[in-house]
Each structure stands twice: as C-alpha cells, then as structure tokens.
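Asker: Sequence:
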Amino acid sequence: MTKQPQIIAIAGGGSTYTAGIVKALLMKGDEFPIAEIRMYDIDAERQDNVAVLVDYVVKTHAPNVKLTVTTEPEVAFSHADFVFAQIRVGQYKMREFDEKIPLRHGCVGQETCGAGGLAYGMRTIFPMIELIDYMERFSKETCWMLNYSNPAAIVADAVNRLRPDARVLNICDMPVAIERNLSNILEVNRYDLDVEYFGLNHYGWFTSIKVNGEEKIPFLRKHIAKFGMLTEQEVENACHSEPSWIKTFKNTKPLVQMFPEYIPNTYLQYYLMADDIVAQSNPEHTRANEVMEGREKKMFEAIEQIKASDGDVEGKFHVGVHGEFIADVAMSMAYDLRQKWLVIIPNNGIIKGLPDDAW
Numbered sequence: 002m003t004k005q006p007q008i009i010a011i012a013g014g015g016s017t018y019t020a021g022i023v024k025a026l027l028m029k030g031d032e033f034p035i036a037e038i039r040m041y042d043i044d045a046e047r048q049d050n051v052a053v054l055v056d057y058v059v060k061t062h063a064p065n066v067k068l069t070v071t072t073e074p075e076v077a078f079s080h081a082d083f084v085f086a087q088i089r090v091g092q093y094k095m096r097e098f099d100e101k102i103p104l105r106h107g108c109v110g111q112e113t114c115g116a117g118g119l120a121y122g123m124r125t126i127f128p129m130i131e132l133i134d135y136m137e138r139f140s141k142e143t144c145w146m147l148n149y150s151n152p153a154a155i156v157a158d159a160v161n162r163l164r165p166d167a168r169v170l171n172i173c174d175m176p177v178a179i180e181r182n183l184s185n186i187l188e189v190n191r192y193d194l195d196v197e198y199f200g201l202n203h204y205g206w207f208t209s210i211k212v213n214g215e216e217k218i219p220f221l222r223k224h225i226a227k228f229g230m231l232t233e234q235e236v237e238n239a240c241h242s243e244p245s246w247i248k249t250f251k252n253t254k255p256l257v258q259m260f261p262e263y264i265p266n267t268y269l270q271y272y273l274m275a276d277d278i279v280a281q282s283n284p285e286h287t288r289a290n291e292v293m294e295g296r297e298k299k300m301f302e303a304i305e306q307i308k309a310s311d312g313d314v315e316g317k318f319h320v321g322v323h324g325e326f327i328a329d330v331a332m333s334m335a336y337d338l339r340q341k342w343l344v345i346i347p348n349n350g351i352i353k354g355l356p357d358d359a360w
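Sequential numbering from 2 applies to the sequence shown in this note's numbering.
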C-alpha cells in the first residue's frame, strides 16, 4: 500500500515540546511519511526562535520535508491531514501564577487540578474552539485534531459540549509516561505492555498490565510499595532527575496502598494526599519554575548554539514519550492500524453506573 505523505499543522508552535514532536515524526519517516510540517502560533517572536531548532531537526533528519512557520490560520491549516494542538494560554508565567496563588492560601497548586487547573482550563477553552473552527474551515474534511492542551479533561468536556461533532481526539502523555516507568521496572520495552486503564488521564487506575499474557500487577504493586514508581537505580540516582517528578513517583508508595487491586495514576496524589502535597511544596518555587529553568532554558540555549553554528544540539532536547505518543496515535489513525492506545473518550456505557457523557 502506498502511504500518502501527511501535512501536519502544530498549533502552539512555540512550545518547548515542538522540536521533540517533530523529531518523533521524522524518525518514523519510513512508516509515516511527512510532506510538510507547519508551525502555527500567535506569538511570532517565540515561534520564530523555536523554528530555528525545528529547522535544524528537519534538515538533520529529513531535509526533504517542507517546514512552514506562520501566524496566519489559513496558511497553517489549509489541507492539513492532522492538527496537533499543544497550546499554553498565558505561557509558563501564567502557569507560575496557577501554581503559586493556591499554595499561598494553603491549597494544592497544580496546572491541571484545583484552583490553578480551573483557571488554566477557563483560559484554554475558547482558544481551543477557535482552533477547531480554523481546522473545520481550512483543513481537509478528514482532518483530525490530536489535542495535548491541558487541562485535558476540562478541555475535552468543554469541546464535547460546544463542538460535539468536531473531529478532535484528546490525548495525554501521563498514562504513557507511567507505562514507561513500569516497563523500566519490568525491564521490557514500553510497547510490549498490554494494559487496561479506566478513569481520566490524571485521575485513573491501571487494572491490568500484561507482558506476553502474564499479569504483572501483583509484582508491580510490591515494587511500588517499596520504591515508588521508580527502578532501584533511579531511586539511588534521584539527584540526577527533576526533584518534582522524583517526589511524584515516590508518592505512589502510599497511593498504591489505598487500592488493593489496581495501580493508581500518579496525579491521584493531588486529590488523596492534598495536605501532604501542600506541605511538600514551595510556594516560591514550583514546577513552572523548574520547567523554565530546565527544559525551556535548555531549548533556548540550543537555539543560540545553532545561531552561532556551534555544533550538535541533539542533547539539548529529547523526544520522550510526549513526542513518540502523538506520532504513534497519528500514524495509527492515518493508516487504520487498529492499534490500542490510551486516549480520552466519554464513557458511553463502558463502565456501568457512570453516565454515558462522563469522561
């Protein structure tokens, strides 16, 4: 079967994740050919800077792929096969407020739940609707939007209410990141896991995790109760990882004790361990600061290095499950591969006792 090269529009082109997503797409070039990648953002200056890094990635890995950088919706969305939405309304400075203001009042400060999550959700809903309208106006009738924009559950419910017929699939890399950690514990490839999961992307449980047909939940529960959702080596070398994520994966030790059969999503800590999380948090230095001082800073260092023609910058950013996952889902949808992925969909009778429109 001849595979038609795809046109991918990335809304939120100025994101720190854009280069990793593009690299993930290009690394699948033989399986998922790309004709053109279009970066779209309303912040032209930031996007132009990120485009320096993306252009480097394209020229390094697939120089035949066309790269378009634009602030014009028609240019970005016309005849697109997929729209990848990853917008952050207010950028990281607003995330900082979302996290710090609740903490100053003794409440959980987090970008996807609590007061901060609600504020972020309210900012994101109508820009998302605007993107959907652009897609439906300019893109192919068969175009799908894969939405990474947080808070994913709030955005998914709002989009379903306001644009119920829109071709939007809401996804999140957190359950997949958990799969990665669990596969590391099991010393297998993430793609070898056969999982079952229910709940929201940030409020759910793994009910089955199999490798070659063998159930691994009992083994994983024992490991998590002792080490958290980390390998023994990661526990020993925790100083080399981001502190907030080390805390998060360690907090699964008490979380797993709360559910005798399942493995909970890490984000349940914000709901079931709220007082502990507030006590562990620093209202003056939150995850937003960690990102700005880490991933974002490294990205801009790579951009300056490219501008100065100063060698290889591949080590300044990585693909990770974030880029791999959205590329996998798009490829599966483009060619009807019938693969199983964890995505955000309404209940529609899957779980008895819950409304059909529950997410």
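Hints are not guaranteed to be accurate.
To be verified - Below, in silico cross-link-like pairs of lysine-lysine (PhoX-like), each with a Cα-Cα straight-line distance of 25 angstroms or less: (1) Lys60 <-> Lys211; (2) Lys211 <-> Lys251; (3) Lys101 <-> Lys308; (4) Lys227 <-> Lys317; (5) Lys308 <-> Lys298; (6) Lys298 <-> Lys101; (7) Lys101 <-> Lys4; (8) Lys299 <-> Lys94; (9) Lys60 <-> Lys341; (10) Lys353 <-> Lys60; (11) Lys29 <-> Lys353; (12) Lys341 <-> Lys298; (13) Lys101 <-> Lys67; (14) Lys254 <-> Lys299; (15) Lys341 <-> Lys353; (16) Lys211 <-> Lys227; (17) Lys67 <-> Lys4; (18) Lys67 <-> Lys251; (19) Lys299 <-> Lys317; (20) Lys60 <-> Lys4; (21) Lys317 <-> Lys248; (22) Lys248 <-> Lys308; (23) Lys94 <-> Lys67; (24) Lys248 <-> Lys299.
Stated by the list, open to error - If you anchor each label on the Cβ, the simulated ranges turn out as follows: (25) Arg164 <-> Asp193: 33 to 39 angstroms; (26) Glu142 <-> Pro284: 44 to 50 angstroms; (27) Lys227 <-> Asp193: 40 to 46 angstroms; (28) Lys67 <-> Gly107: 35 to 41 angstroms.
Calculated from the structure, these hints are not laboratory results.
Don't be surprised by glycine CBs; every beta carbon is placed ideally from N, CA and C.
Asker: Can you name, in rising order, the numbers of the hints this structure does not satisfy?
Answerer: Numbers 1, 3, 4, 7, 9, 10, 11, 12, 13, 14, 18, 22, 23, 27 and 28 - these are the hints that the structure violates, sorted from lowest upward.
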